[in-house]
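Chains A, B and C, in that order, give the protein sequences. Just so you know, this note's numbering puts the end of the first sequence at 301, numbered straight through with nothing missing. Just so you know, this note's numbering puts the end of the second sequence at 229, numbered straight through with nothing missing. Just so you know, this note's numbering puts the end of the third sequence at 630, numbered straight through with nothing missing.
Hints were generated in silico from the structure; no laboratory data involved. Computed from a prediction, not measured in an experiment: that's the story for all the values here. One thing to keep in mind: the hints can contain errors.
As the list claims (entries may be wrong) - Just some of the chain A residues that point at chain C, by a computed CB distance under 10 Å: (1) R30; (2) I32; (3) E105; (4) F153; (5) V156; (6) F241; (7) W264.
Stated by the list, open to error - Which stretches of chain A does chain B cover? Using the computed rule of at least three CB atoms under 8 Å from a CB of chain B, they are: (8) 108-119; (9) 136-143.
Just so you know, even glycine gets a beta-carbon here, dropped at the ideal spot from N, CA and C.
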Amino acid sequence: MLQFVLSGLAIGSIYGLIGMALAICFYVTRVINFSQGQSMMAAIMLTAAISSAGYSPLAAAAAGLVGSCVIAVLAYVVAVRPILALDRFSFGWLVSTLGFAAVVENGAAYLWGPTSRPFPAFLNEASIHLGDAVLTEQQLLAIATAIIAATLFEVVRKTTLFGKLGVAIAADPEMASAIGANTTAVALVAFAIAGLFAGIAGLLIGPSTFANPYLGSTYGTYGFIAMMIGGGTEKPVTAMFGGLLLGVLAEGANALINSQASDWFPFLVLVVILIVTPRGLFNAGHLLPRFRVAATAAARR
Amino acid sequence: MSAGYGRFDVVHDVGLRVGRGEAVALLGPNGAGKTTVLKAIMGLVKQRRGTVRVGETDVSAFPTHRIASGFLAIAPEGRRLFTDLSVEDNLVLGALHLRRETARVQALLDSVYDLFPVLRSYSRRRSAFLSGGEQQMVAIGRMLMSDPDVLLLDEPSVALSPAAVETVVKALIELRRRGASLLLVEQRIDIAVRVCDRLYILTHGEIAEEMTPETVRREGLGIINKYLG
Amino acid sequence: MTSKATPLSRAVAVGRPWSWRVAAIPLVVIVYLALTGLVANASINVQSLVLVAAVFGILAFSLDLVAGMLGLYSLGQGGFFAIGAYFTAIGAANFEIDVALLLPIVIAVTGLSGAIIGAMSLRVSGLYFAITTFIFTLVLTVLATDLRITGGTQGLLGPALPDFPGSLSALGTPVAWCVMIALLLAMGLIWNVRNSPLYPVLLSIRDAEPFAEAAGARTSLIKIGIFGVSAAMAGAAGWLFSFLGVVSPGQFDWSVSLNILVMVLIGGINTTLGPLVGAIFVTMFPATVNINPWLQEIVYGALSIIAVTMFPEGIIGLARRRLAARTSRRAGRTENATLLTETPAASTLDSRRPADLDRISSQPESPVGEQGSAAVGAVVECRDITFGYGAGPKVLRGVSLTVERGHIHGLIGPNGSGKSTLANVIAGRLTPMAGTILVKGMRVNGLSPSGRARLGLRRTFQAAELVRELTTSQNVSIGLFTRVPGIVRRAALWPLLPSGWRDQAWMRARSSEALRSVEAGAWTERRVGDVPHGIEQLTQLASVCVAGPDIIILDEPATGLSSREVAHLARILTQLKAQGVTLIIIEHQTRFLFPLCDKVTVLNAGEVVLTGTADEVRADPVVRQVYLGE
């Protein structure tokens with residue numbers, strides 16, 4: 001019981017980090033960056049490549065983080081900004097961010113080959129016993145990092161001027177620009193932060209997955225589900241809760257149902273959540289046409 | 001200046017001038033394009049031609065966020081506060097371009113609280129939970145925080161109780177006394193007459209007439225009602 | 001079609017280039033079948049290339065039907081596709097059902113599940129609809145991977161179509177014929193819908209749902225139904241796909257749904273051939289560009305980015321614009337000359353008497369109107385209406401209002417006094433918290449806006465809600481939705497039905513007549529996106545008048561009109577009144593409104609201040625204070 005909860009939290013914190021990365025981009029630009037998983041992959045690949053070239057793992061990790069930020073920012077510049085500038089074309093970003101994901105993923109495969117490469121271990125495989133459960137240091141580190149990152153993000157959002165500016169832009173971009181906010185600059189920073197989150201997730205998961213160019217789409221999908229479960233479209237930090245829940249559910253299903261249950265059980269939960277509380281998850285104000293709001297008002301009667 | 005959405009102009013060849021320390025009202029019926037004029041001045045309407053000048057600076061080509069950095073500020077229709085944030089956060093965000101000059105921001109904040117003492121006691125409250133009149137005060141305060149050359153106000157009296165309207169009008173008169181330049185879009189002529197030095201009448205996207213409050217007082221409201229229908 | 005109609009083309013507008021288009025159909029079909037014969041006898045490689053492209057062509061058309069025409073960006077097409085394929089494979093292998101019999105079963109099953117998913121679009125829309133359908137696909141692939149009956153990741157071997165009998169063996173592979181004919185049918189279906197009167201209605205549901213509802217369209221039912229049809233198309237594509245070999249989860253994962261969207265977007269959304277062009281590009285790209293597979297994927301990704309960022313209208317849209325630019329350059333001189341004679345002032349304000357108006361409104365919309373027209377009395381009655389948005393303050397408080405038959409009833413009040421809310425309550429868009437509404441003596445609480453439209457109650461909107469990419473006359477024809485029976489039912493076959501031709505000609509004539517009667521006749525063939533605001537308002541009015549309603553609610557009709565246009569509007573409204581139409585007009589410009597009105601009601605802060613004649617209202621001191629600001 002405790003075992004699957006803990007290992008679920010460990011893997012869930014990875015999903016949560018990627019979910020938050022997606023949610024941070026969405027928060028500011030109302031766009032889902034489908035190449036987020038690929039920026040995570042970029043961090044893993046770069047770290048692996050640089051450390052295998054003989055540099056210290058820490059330097060490699062730093063370079064990996066920078067790499068994932070750069071990829072995320074590039075995604076904005078190449079695939080998001082031109083679409084938003086056209087603005088009448090509402091769903092073009094879906095295609096362009098996926099196209100960008102394909103470019104990054106296959107670029108990595110082209111550069112480094114499609115097979116898995118070793119990833120430097122930052123911590124030794126020492127395990128820690130908590131009651132009758134066993135957790136590796138790596139897993140513990142993942143949980144701790146995720147909690148710290150989520151808390152830090154929330155503190156920044158709530159207390160700093162920049163964070164409040166983010167809140168303002170998320171709520172009313174036009175008015176935000178009318179008080180002097182450069183929305184493009186803020187979006188760039190948001191994408192960079194999201195890249196950082198994804199990169200951290202990559203460094204945390206790298207030792208157990210090894211470096212493979214196709215990691216991005218798997219983890220991107222799970223991150224997306226984490227965001228949707230948590231309702232991260234409204235508040236980025238809820239994506240972390242969604243991720244932790246998703247991880248525990250998946251591990252729990254594996255432990256209690258059968259070894260393949262983690263493939264479908266989380267989806268089942270997601271569907272149930274979507275059916276039961278579509279309002280809770282689907283309530284991002286101005287995305288819904290106004291008449292829906294009116295209809296709700298009428299329905300509430 | 002002309003501006004519009006899409007291929008056809010909502011307002012055409014509107015020329016107006018606000019002198020230093022002057023208050024000018026823009027009156028007109030619904031749909032005449034008053035709000036569009038303000039948005040175009042602010043750079044919020046993409047298709048626009050002509051020039052907008054603030055002092056010596058031609059801001060026509062500036063993006064909105066630069067225009068908002070000390071040149072002009074707007075209290076828009078519907079107030080549009082950042083309702084998730086507290087009153088003070090809304091105000092401080094107004095001074096975004098001054099964020100490095102903390103002393104000046106503090107001074108501006110104090111002057112806003114002087115103008116609307118009630119806001120000081122509510123400073124920590126989420127702006128969503130304020131009454132309409134208080135929200136309008138925050139919107140005006142947020143505009144003042146950027147220390148702009150000209151204040152643009154879009155129908156500050158809409159959907160307010162008579163008492164709240166009175167507070168807002170008094171505040172505008174006080175601002176005038178402090179030397180602010182105002183461009184006020186209004187539907188209520190009485191307010192425009194009380195606050196402003198000059199009135200422009202906008203019908204069908206064009207300036208139909210310019211007059212002074214004295215003319216209105218002398219000749220009665222009929223002279224404007226002729227345009228407002 | 002030409003994007004800008006010159007007066008010359010307007011003259012022949014009634015007999016548009018329909019005749020040659022329809023004459024060309026048999027020719028196109030023959031050529032297509034000949035090509036199919038070639039494909040059916042071609043090598044396996046060519047065949048699989050073409051057939052996969054064709055199957056995805058069907059999928060792309062099915063998505064274009066909902067995404068292009070209804071704005072529902074479904075990522076569930078891959079899911080319906082999978083249902084169709086698995087149903088066929090399992091049905092044929094495990095239950096030994098005849099493959100031909102499986103087709104109707106598959107269509108029924110996917111159509112039904114499509115309708116259920118479509119019903120969700122009523123709760124969530126836009127991005128969230130896309131995400132929900134995306135998750136639907138995700139769940140299906142996971143099920144396909146984990147269930148025993150679906151054969152796990154290995155998948156199932158699809159059934160084989162029986163070969164043609166010996167005498168027909170020259171035709172080649174039967175699968176090729178099946179797929180190609182299905183593609184032709186899919187193309188034909190979409191083309192028919194696009195050329196039926198349902199098309200403007202669908203676009204209005206996409207862009208201006210309240211307008212479609214006010215025209216009497218049951219928009220929720222239409223959305224659900226169309227989504228069901230689209231899902232059935234995807235299901236049928238799955239049926240076809242199962243004959244092409246193995247059916248395994250990898251072929252239906254979420255990226256398939258996204259790829260279908262990519263096809264539609266790259267080819268050109270809401271264009272006749274765009275989805276097919278996109279499908280050909282996406283499926284054939286890997287097979288024809290023979291480079292390092294990763295480089296190839298990189299090029300593909302880069303191309304799709306370039307496609308959506310630089311050519312948002314897709315390949316077909318781009319080609320069309322190129323073509324239009326060339327033709328307009330050639331016709332440039334004449335165009336300029338005609339535009340001069342066509343300025344709005346000249347066309348809308350000529351004082352031609354709108355003689356046609358009588359004919360238009362002479363047919364009452366509903367039987368109720370006929371029997372009631374003799375009786376004089378209240379035609380719309382509101383009793384103690386109370387309304388508030390959510391938990392907020394009440395916008396309307398105990399409003400009672402009686403509108404006499406044949407009257408023009410003005411509704412004035414300062415901003416925020418609840419005028420538009422009251423109009424929405426009467427028209428059925430908002431449900432009051434308390435109070436009764438009677439239309440023609442009938443209690444209509446709980447009746448939908450479309451139901452009230454069928455009662456003969458029509459309305460306009462403050463900000464004209466029209467489909468900008470359609471012409472004014474197409475927009476007006478949406479107003480005829482309730483007057484022509486079976487628009488939805490017949491849409492799939494419309495251009496092939498003689499009755500369809502007749503009705504369409506009638507609708508077109510009625511629409512231009514209605515536009516002429518509001519003196520916007522010069523703009524019939526212009527797209528609404530290209531006409532000035534005043535014409536937009538008049539188009540809206542025409543779309544309401546064209547149905548011959550008994551009661552019209554006008555929400556600030558004079559907003560944004562020039563003074564000449566306002567005078568012109570007043571003339572039209574007087575005409576309507578003369579025909580016995582009851583008008584409820586919300587307006588700010590009292591100078592325009594008062595001379596027209598029999599009765600005026602003044603609202604302030606959600607309450608009726610008074611109801612009386614214009615003179616009584618003008619004289620009332622309270623009104624002068626709250627409204628005129630004296």
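The hints, checked one at a time:
| no. | hint | result |
| --- | --- | --- |
| 1 | R30 | holds, 8 Å |
| 2 | I32 | holds, 8 Å |
| 3 | E105 | holds, 8 Å |
| 4 | F153 | violated, 23 Å |
| 5 | V156 | violated, 26 Å |
| 6 | F241 | violated, 18 Å |
| 7 | W264 | holds, 4 Å |
| 8 | 108-119 | violated (count 0) |
| 9 | 136-143 | violated (count 0) |
This entry does not satisfy hints 4, 5, 6, 8 and 9, going by the numbered hints stated previously.
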